[in-house]
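Chemist: Read off the chains here:
2 protein chains.
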Amino acid sequence: MPREITAYSNPLIKRVRDLRDKRHRREARQFLAEGLRILTEARETGRLPAMLFYAAPSRLHPLVQALVRDVEAAGGEAIETTADILSKLSGKDNPQAVVGVFDEFETSLADLDRSRAGIWLVAERLRDPGNLGTILRTGDAVGAGGLILVGECVDPFSVEAVRASMGALFTVPVVRSDWQPFLHWLRGGPGQLVGLSLDTDIDYRSATYAAPTFLLTGNEAQGMPEGYAAACDLLVKIPMLGKADSLNAAVATAVMAYEVLAQQRG
Amino acid sequence: MPREITAYSNPLIKRVRDLRDKRHRREARQFLAEGLRILTEARETGRLPAMLFYAAPSRLHPLVQALVRDVEAAGGEAIETTADILSKLSGKDNPQAVVGVFDEFETSLADLDRSRAGIWLVAERLRDPGNLGTILRTGDAVGAGGLILVGECVDPFSVEAVRASMGALFTVPVVRSDWQPFLHWLRGGPGQLVGLSLDTDIDYRSATYAAPTFLLTGNEAQGMPEGYAAACDLLVKIPMLGKADSLNAAVATAVMAYEVLAQQRG
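So the sequence lines, in the order shown, correspond to chains H and S. For the first sequence, the residue numbers in the numbering used here are 1 to 266. For the second sequence, the residue numbers in the numbering used here are 1001 to 1266.
Each hint can be trusted.
In silico contact screen, one side only, chain S against chain H (beta carbon under 7 angstroms); selected entries:
| # | residue |
| --- | --- |
| 1 | Gly1130 |
| 2 | Arg1137 |
| 3 | Thr1138 |
| 4 | Ala1141 |
| 5 | Thr1171 |
| 6 | Met1240 |
| 7 | Gly1242 |
| 8 | Ala1244 |
| 9 | Leu1247 |
| 10 | Asn1248 |
| 11 | Ala1254 |
| 12 | Val1255 |
| 13 | Tyr1258 |
| 14 | Ala1262 |
Restraint ranges, calculated between C-beta atoms of paired labels, are given here:
| # | chain 1 | residue 1 | chain 2 | residue 2 | range |
| --- | --- | --- | --- | --- | --- |
| 15 | H | Asn10 | S | Leu1241 | 39 to 45 angstroms |
| 16 | S | Ser1108 | H | Pro11 | 54 to 60 angstroms |
| 17 | S | His1184 | H | His61 | 40 to 46 angstroms |
| 18 | H | Ser206 | S | Thr1040 | 30 to 36 angstroms |
Simulated from the structure, these hints should not be mistaken for lab results. Beta carbons: idealized from backbone N, C-alpha and C, even for Gly.
Work out the full structure: start from the sequences and follow the hints.
Modeler: So, in structure tokens, the structure goes:
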């Protein structure tokens, strides 16, 4: 049976709200995901929250009922609360119908099976959580094997990244690695490392990609270090006709990934 | 000569800070743009802020000096202030080097010359300011003639949209219109209206685009109304292999726009 919390002052509410903060997430090794769509996506991939919060009026929604049932069956806790408290948990005026507290999960390089997919995404020092989530969502759409985050990237479990991923955080494996271990792992098997660069004459549409293709996108402001570009098997550029000579990192990744997908599908 | 403001309580500071709010922007018909890169981009396209704020330590930066000179020559005002106040104006802990207050500018459908570009972007009920800015940035990169916002879209002059556009707000004309006036204008000349849809079997890579191509992207959550889809000359879909069956709206627009660009460049 779900328990009820109707007081802001309940210490659990503060503890959950604190998960919006990176330091608290790291300590608790838990994170927040919001919204019925994202939690249902998670449930369908077998990920259930340790705690599920929903507002009393949502009690009769069949997807909420399915979540409550599965969370409780898995030993988690379902908690009925008020719209005000849900709104406080989500930090949004427009409260989502449900908020889940998930245990963090992590994939390591050794866990990845590179024969499983033709496209893999690699992002280096990615700083914007919206970009990270959007890249995960693109990864889901192109059937990428995973997203490998190299160097100091934004936390994939931040509220903004989870939200922008629209559930793809639960469907696309995410690995955090430093550059050298990544390169060592990559060179231990087949794989074409393709870097997106401004310093090449090779148009991304004229290059040939060989599966498994690892698409490397550099930092939003600086691109990738020269040494990383030098380690790539291929550098390609996306043509830019405008004045700004720059694309959003998530957009550039998607344009590349869809070109590789089109080639690989024939 | 720049004047100095060093007190938070200065009424001008409050007035400028209020421009973060849509209601105040509408009343003042002015908006904020932040950062040396974006303001320099604006300056290069001939757009100068009515007011330019910079922190005293930036005084010697050559790009800041160029901005101050041009703003004053154009009858605007340059204001030297503290890092704290700049940070208050920008609403960010990490204050940008400069903040500009610009007069709003607007383009109407009648101002557009459709022979000027092969690609035009059309977004319908776009709600996320980051998506709007990112689409403008893509529009700059593909050489789009403009972005036409149809229906109730997010304000292109919001701080988040301007920031995400990385200056493309100043290089890509933006028109706000309702659907009927847009359609009427469109059908008054050549133009292929291409809608991005899930309800079609035509893959975006197998379709043929005819310049000027108008790429229509629907609302982030709902896509476009049926009537809008019916008015399109062509509906295409981007393949999605994942579980979520959805791409970020700015990503989908970019994947489409780059396919059209590749075809048009041969």
